[in-house]
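Undergrad: Chains as they are written, first to last, in this note's numbering: chain A, 1 to 117; chain B, 118 to 227.
These aren't lab readings, by the way, just hints derived from the structure by calculation.
Think of the CB as a built atom: it goes at the ideal place given N, C-alpha and C, for glycine as much as any other residue.
Have a look at the derived ranges for each label pair, beta carbon to beta carbon:
1) A:T5 / B:E175: 21 to 31 Å
2) B:N174 / A:T16: 41 to 51 Å
3) A:M15 / B:S142: 42 to 52 Å
4) A:Q82 / B:S158: 14 to 24 Å
5) A:V12 / B:N147: 42 to 52 Å
6) B:E183 / A:K9: 41 to 51 Å
7) B:S126 / A:V12: 28 to 38 Å
8) A:K40 / B:A130: 19 to 29 Å
9) B:P138 / A:K38: 19 to 29 Å
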Amino acid sequence: DTEVTQTPKHLVMGMTNKKSLKCEQHMGHRAMYWYKQKAKKPPELMFVYSYEKLSINESVPSRFSPECPNSSLLNLHLHALQPEDSALYLCASSQEDRGFGLNTEAFFGQGTRLTVV
Amino acid sequence: DAKTTQPPSMDCAEGRAANLPCNHSTISGNEYVYWYRQIHSQGPQYIIHGLKNNETNEMASLIITEDRKSSTLILPHATLRDTAVYYCIVITGGYQKVTFGTGTKLQVIP
Numbered sequence: 001d002t003e004v005t006q007t008p009k010h011l012v013m014g015m016t017n018k019k020s021l022k023c024e025q026h027m028g029h030r031a032m033y034w035y036k037q038k039a040k041k042p043p044e045l046m047f048v049y050s051y052e053k054l055s056i057n058e059s060v061p062s063r064f065s066p067e068c069p070n071s072s073l074l075n076l077h078l079h080a081l082q083p084e085d086s087a088l089y090l091c092a093s094s095q096e097d098r099g100f101g102l103n104t105e106a107f108f109g110q111g112t113r114l115t116v117v
Numbered sequence: 118d119a120k121t122t123q124p125p126s127m128d129c130a131e132g133r134a135a136n137l138p139c140n141h142s143t144i145s146g147n148e149y150v151y152w153y154r155q156i157h158s159q160g161p162q163y164i165i166h167g168l169k170n171n172e173t174n175e176m177a178s179l180i181i182t183e184d185r186k187s188s189t190l191i192l193p194h195a196t197l198r199d200t201a202v203y204y205c206i207v208i209t210g211g212y213q214k215v216t217f218g219t220g221t222k223l224q225v226i227p
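Isolated chain A, as found in the complex (with noise of 0.2 Å):
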């Protein structure tokens, strides 16, 4: 199984909502991700979290709340967003624990599409 799941494919939620998107994957990777990416631009890294534990965060805003409940889950909880924040947001993992690197390679999820509203 070489899948990254993410949950749910599509969400709309209003600006005062609360909300969380859900990212797994079940290839035993102990580095997991997730990505923002706006419309016709790259993916831009908001974090990283490597054996369970958060070890990047790009200065990104406290109403984007990153969790790992176990090495297989990874969610992003959502609260008080901005219309600005519509986007597809995407999970990776890799096996090394250190990054894509080191002759590994990244396995994405096909993504959450939010709209704020």
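Assemble the complex: chain A is given as a structure, and chain B must be docked to it using the hints.
TA: Same frame as chain A, but now just chain B:
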């Protein structure tokens, strides 16, 4: 990570080889060259990577120049399903902070 430069767009006739260049003139000795592609509205997909030798797999070939300052991704027989944005990324082994550049939008034309 070393910065990469790619042409913003390219066209390729279906059935012909697509050659996508990438410049990474500031690459250092322990940095790998990776290629990913992103088909419209899907997650990025790994294609191939290399350190200094040329590499080939079932999807593509990667040619890295001897000085490692540039590389070319070759899709030997492009199909319409290869239409995508192709990202060339240079990654230090063990580095987690991976940055995607703007990529090349490849349009395969029937």
